[in-house]
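These are the residues of each chain, in order.
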Amino acid sequence: MSAHAHDWPDRLFDTLKRGGIRQVGYVPDAGHARLIERCRADDEIHDVALTTEEEGIALAAGAWLGGERAALLMQSSGLGNCINMLSLARTCRFPLLMLITMRGEWEEFNPWQVPMGSIVDPVLKLCEADIYRVRAPDEVAGAAERAVQHVFGGEHIAAVILSQELIGKKVWTK
Amino acid sequence: MSLERRDAMAALLAGRGDDLLLVPGLGSTTWDAMAAGDNDRNFYLWGAMGGATMIGLGLALAQPKRRVAVITGDGEMLMGLGSLATIGIRQPRNLAVIVFDNGVYGETGMQPSHTQGGVDLIGVAEACGIKQCLDVRDQEGLDDLARRLKSLRETLFARIIIAADEPLRVLPLRDGVALKERFRAAIGVKP
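Going down the list, the protein sequences come from chains A and B.
Here the first sequence is numbered in our numbering, starting from 1 and rising by one per residue.
Here the second sequence is numbered in our numbering, starting from 1001 and rising by one per residue.
Bear in mind the hints are in silico, worked out from the structure with no lab data behind them.
Quick reminder that beta carbons are idealized off the backbone N, C-alpha and C, glycines included.
The reader is advised that the hints may include incorrect statements.
[As the list claims (entries may be wrong)] If you want the ones that stay clear, here's a sample from chain A, every Cβ over 12 Å from chain B, calculated:
(1) Ala5
(2) Asp7
(3) Thr15
(4) Gly19
(5) Arg22
(6) Asp29
(7) Ala33
(8) Arg34
(9) Gly104
(10) Glu107
(11) Glu145
(12) Glu165
(13) Leu166
[As the list claims (entries may be wrong)] Computed spacing ranges between beta-carbons, pair by pair:
(14) Glu1154/B - Lys17/A: 24 to 34 Å
(15) Lys17/A - Ala1164/B: 45 to 55 Å
(16) Ala49/A - Gly1117/B: 25 to 35 Å
(17) Glu37/A - Ala1164/B: 45 to 55 Å
(18) Glu1154/B - Asn84/A: 25 to 35 Å
(19) Asn84/A - Gly1037/B: 43 to 53 Å
(20) Ile1089/B - Gly168/A: 28 to 38 Å
(21) Val1119/B - Gly168/A: 34 to 44 Å
(22) Ala1178/B - Gln149/A: 18 to 28 Å
With the sequences and hints as input, model every part of the structure.
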């Protein structure tokens, strides 16, 4: 682990920028808070706050139709909201890059997060998405870079899964 | 006396210009768009119900110098109602969302939609902060909407009250990859 273990969202942001991402759809999320902040502050990126994650699948399709690359940030629970809309990416072979923060898999306080969290990998596989799972801060940027290359190089669907262990547990009492 | 859907689509697309990009929603509006004349700059939807408006948003942000029209039905719009809130806080100048509202789900057997039950899509769009909202009920209103679409300068939402009928289906290409590729090629996006 590097001395900059907590900088991984910034390195992830740099990777997205280098990868030419111009639209970022997101549902507010604690694990993605820093990345969302960086996207919102960047003039070259259209940040689009969504009311539900499936909107982001359609947003990314529209972006690609218009020649722009998009990324979709969400929490594991949000993947469940996307399943039918993923048909759009699969049928039309739209490139789709998802960055998913995990809940319900490691030191989870809220049992309501577990059912969806526990089926993220099989759901992604059924939807023909390739999975890049990250457990340590040092792995984040590299995995994201490979995912960007895979998604936009060949119009694939991929998800970078950011483990709950990486993000840390949610603080419930202050 | 409500408007006929095919006439309404034809009026909106007459002399459309190369800078108009069209996303018709799943179902009847896709058949209407095809009936008005196939065009490489149409991205027909055979699925993705509830997604037409968001495809339009991504496209409008990516292509700020072109006009983007989403023309969809009340049922498709109702499934993606949240996307009006998402558009409400972005408001690209080059995006128009136009709903053909006949109060029924035509593709599944004319069952009543929520708009027939009193849900007002204009009220929703206004509440989402969209300033240019048009309630179109006659030829005069349709002509006004067509004019505004031609010189689009701010986000536009329109509801057109149309007759609940089922004209013959005119089916476009179903191959999503081909639809995507021809659309991108038509507007000069590099492969």
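* Is it true that the C-beta distance of Glu37/A to Ala1164/B lies inside 45 to 55 Å, as the hint says? -> holds (48 Å)
* Please confirm whether Thr15/A is truly not at the interface, meaning its C-beta sits more than 12 Å away from all C-beta atoms of chain B. => holds (21 Å)
* Just double-check Asp7/A for me: nearest Cβ-Cβ distance to chain B has to come out over 12 Å. => holds (29 Å)
* Beyond 12 Å from every chain B Cβ - status for Ala5/A -> Non-interface label on Ala5/A holds, nearest chain B Cβ at 34 Å vs cutoff 12 Å.
* Asked: Is the Cβ of Asp29/A more than 12 Å away from each Cβ in chain B?
  -> holds (16 Å)
* Status of the given 43 to 53 Å range, CB of Gly1037/B versus CB of Asn84/A -> For Asn84/A and Gly1037/B the Cβ distance comes to about 30 Å; the hint is violated.
* 12 Å cut-off, C-beta based - Glu165/A kept clear of every residue in chain B -> Fine: 32 Å to the nearest Cβ keeps Glu165/A off the interface.
* **Separation of Gly104/A from chain B, once the least beta-carbon distance is taken, above 12 Å** => With a cut-off of 12 Å, Gly104/A remains clear of chain B, as the shortest Cβ separation is near 24 Å.
* Beyond 12 Å from each Cβ of chain B, as asserted for Leu166/A -> For Leu166/A, whose nearest Cβ neighbour in chain B is about 29 Å away, the distance exceeds 12 Å, so it holds.
* Given a hinted range of 25 to 35 Å, is it respected by the beta-carbon distance of Ala49/A and Gly1117/B? -> Since the Cβ atoms of Ala49/A and Gly1117/B sit about 30 Å apart, the hinted range of 25 to 35 Å holds.
* Determine whether the non-interface label on Gly19/A survives the test: each CB of chain B must be over 12 Å from its CB. => holds (16 Å)
* **Pairwise beta carbon distance, Glu1154/B to Asn84/A, judged against the given window 25 to 35 Å** => Given a distance of about 32 Å, which is inside 25 to 35 Å, the answer is holds.
Hint check: violations occur at hints 5 and 19; the rest are consistent with the structure.
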